[in-house]
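Chains as they are written, first to last, in the working numbering: chain A, 1 to 591; chain B, 1 to 160.
Wrong hints could be hidden among the right ones.
[Unchecked claim] Which residues of chain A face chain B? A few of them, derived with a C-beta cut under 7 Å, are:
| no. | residue |
| --- | --- |
| 1 | Cys51 |
| 2 | Met133 |
| 3 | Ser138 |
| 4 | His142 |
| 5 | Ser193 |
| 6 | Val194 |
| 7 | Ala198 |
| 8 | Lys200 |
| 9 | Arg321 |
[Said to hold, decoys possible] Output of the computed footprint for chain A on chain B, the stretches with three or more beta carbons under 8 Å from beta carbons of chain A:
| no. | region |
| --- | --- |
| 10 | 57-65 |
| 11 | 69-77 |
| 12 | 108-115 |
| 13 | 146-153 |
It should be emphasised that the hints constitute simulated quantities derived from the structure, not laboratory data.
Every value quoted in this text rests on a predicted model; they were computed, and no experiment measured them.
Heads up, the beta-carbon is just placed ideally off N, CA and C, and yes, glycines get one too.
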Amino acid sequence: MKKKKDSKPEIKEQAPALRSGAQCVIDGLAKAGCDILFGYPGGTVLDIFNCLYDAPFQFILSRHEQGAVHMADGYARATGKPGCCIVTSGPGATNTITGLATANMDGIPLVCITGQVALHLIGTDAFQEADVMGITRSVTKHNFLVRDVNELPEIIAKAFYIATTGKPGPVLIDIPKNIQRATTTLPTIAPESVSMRAYKPDVKVSKSDIEKLAELINKAERPLLYAGGGAINGDASELIRELAHKANIPVCTTMMALGAFPENDPLSLGMVGMHGTAAANYAVDKSDLLISAGARFDDRVTGKIDQFASKAITVHIDIDRSAIGKNVETHFGIHGYLKPVLKAVLPHIKPSKHDAWVKQIKDWKSKFPLGYPQPEGVLMPQTVIKMIDTLSKGKAIIATDVGQNQMWATQYFTYTQPRHWISSGGLGTMGFGLPSAIGAQLARMNELVVCISGDGGIQMNFQELVVAVEHQLPIVVVILNNGYLGMVRQWQELFYTKRYSGVMLSQQGRRPNEGITEEQKYLPDFVKLAEAHGATACRVTTEKEVEEALKEAFKRKHTTVIECIVSPEANVFPMIPPGAHVSSMIGHLKN
Amino acid sequence: MKHIINCLVENQPGVLARIVGLISGRGYNIDTLNVGPTADPTVSKMTIVAPGDAKVIDQITQQLSKQVDVIEVIEMTNKPHLEREIVLVRVETKDNAQRAEVLDVASMFNAQVVDIQKDSISLQLASNQNAVSEFLKAMQPHHIIDLSRSGVIAVGRESL
């Protein structure tokens, strides 16, 4: 064998290799470092799937294209590397929209490849044709339609370059079937070697800006760091810790930044915003210098804009120039990557104590702890989250759906590391939890991944459970079943005089004419449903049962579903009503 | 206040749709939009006239700059610049008296006659947006058969 190879190497080197467009896709993905491709096949991607057969990376078949995009998204959030997915034209492509929009809002790097009908058929309403460029334009960072196979190697490299630089985001490549079959002699291009005239993500921060920032920090009496998703995306959590400790600056995080600063650190205030801690929201209100480190002043954080941080000089460090001054008129904007900015400013920071301010923060924290009523004989959803925290020693990677389950997961798990929190922030996508947990688990096989869902969200992508089972993923899916679409019900309770409209998922409270019998008490029966998908499943109703079930599940080598029957009308508190000031906070405990 | 934004973009299919979609998707208005080639065949220039306060215009500018196909965005309004808008208007002239009246207005505004038919006359005026609007107001009493008005185009005039 060896001899044979040695005897004729030159011929191959000299003749430029002729490759199909489909092969260029596989080679381009491999060159960009793709190790798992998620997707779903179809007519217009048959050629790519044919080459995929011999690809140097793993392919994971989802059961719905939305699931494939969320899996790639979960993979990206868990690793920081771009997630990759592939779907067919028409319905395959339109099914990706929610997934793309989710990633786009949260700045998650994805490359999504869609098949398209042959170039000459575009515009003819051909079978499985959709104007994917038009449809996905506003839910992607960028999209490409490949019109010539010779452009394909470069476009794939550009897609990865655009997805991973600046504020990251999803990039879609629409590839007509005839382009996949056409051939080119052009080589594969590495994303690092791409240079684009109109897209220059590298920004230099001026020395004077750094000095000004340092001066503000050194002068402040009540400084507060407000870390956002950019702290995770920009891999800046260590520097945030360094800055906080050097000048004794308290830190609150947005939901997207959970884990960017260890919540067991005395300087941590936890999450800020609508369902954030009272201490974090009071600190924002009273601080004299608020430094946003990659947070974008989202309405769920600011509440009433003109009263937000009204006593503070606001600083906004963001790689997205358009985010600066978009929601809040900040006093000082710094356009740049968080990591180099923090690195540059650190040597200028004078060690400081801020004793009075730190004591005030400590007082708030002990005066207004997170808490919830614990009636006898009722399993509280918050207790379930606390147990996941305790039993996993705070080390689990948590993926969630959206709503109450998500908010309790922010409040009662102690996040200490970045990339352990996987949740749809900006778009608030129900059905995100399970598929993103699958993506995260595949990326980090040796870690414990727990998916926290509600009985609503889990039903939106339940079909993906099969993917976890067939790949023997030890994911633990915890369903907090309260029989309601809980967050909507909570708003109806608080702001619509308890007129519960369209939120009942269980038999309880339904009109008799819906004809649900006593045998159908659990509808759907999540235990049977999970078992039908091949997972181990159980239903628990008491704290003791939860504890046992979790302990067993954490040891298991395959997928577990634990359905927790929890208090039907538990609420997420504290809560600052939408568009209100911190002084309107409701439902917080007082010690 | 109206703002003139010049936007240099990659001359590629779909870029116009991207820019227009961005502006409408974020709820901003456009008064006029003009697209044309530049000296470099790979670059197109879009001139957008949009109403809004400084904050809105800053957002439009930043959002445009963020687009992968946008090379440069220049807010022209507060810089020394030349701006022009062109209008072609065809007016009914049934008799000599009417024709004389129309030509009178045309000469007042320095509009050029570009076509004459036995019952109509076509005029062209290239000027700033105000002058074009005033000219059309003056033409109102006559029967305007057809009218085509371009968007504003602008170039800077600072010394290099």
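Evaluation of the provided hints:
no., hint, in the structure
1, Cys51, "27 Å, violated"
2, Met133, "6 Å, holds"
3, Ser138, "5 Å, holds"
4, His142, "4 Å, holds"
5, Ser193, "17 Å, violated"
6, Val194, "12 Å, violated"
7, Ala198, "4 Å, holds"
8, Lys200, "10 Å, violated"
9, Arg321, "5 Å, holds"
10, 57-65, "holds (count 5)"
11, 69-77, "holds (count 3)"
12, 108-115, "violated (count 0)"
13, 146-153, "violated (count 0)"
The structure fails to meet hints 1, 5, 6, 8, 12, 13 from the earlier list, while all remaining hints are met.
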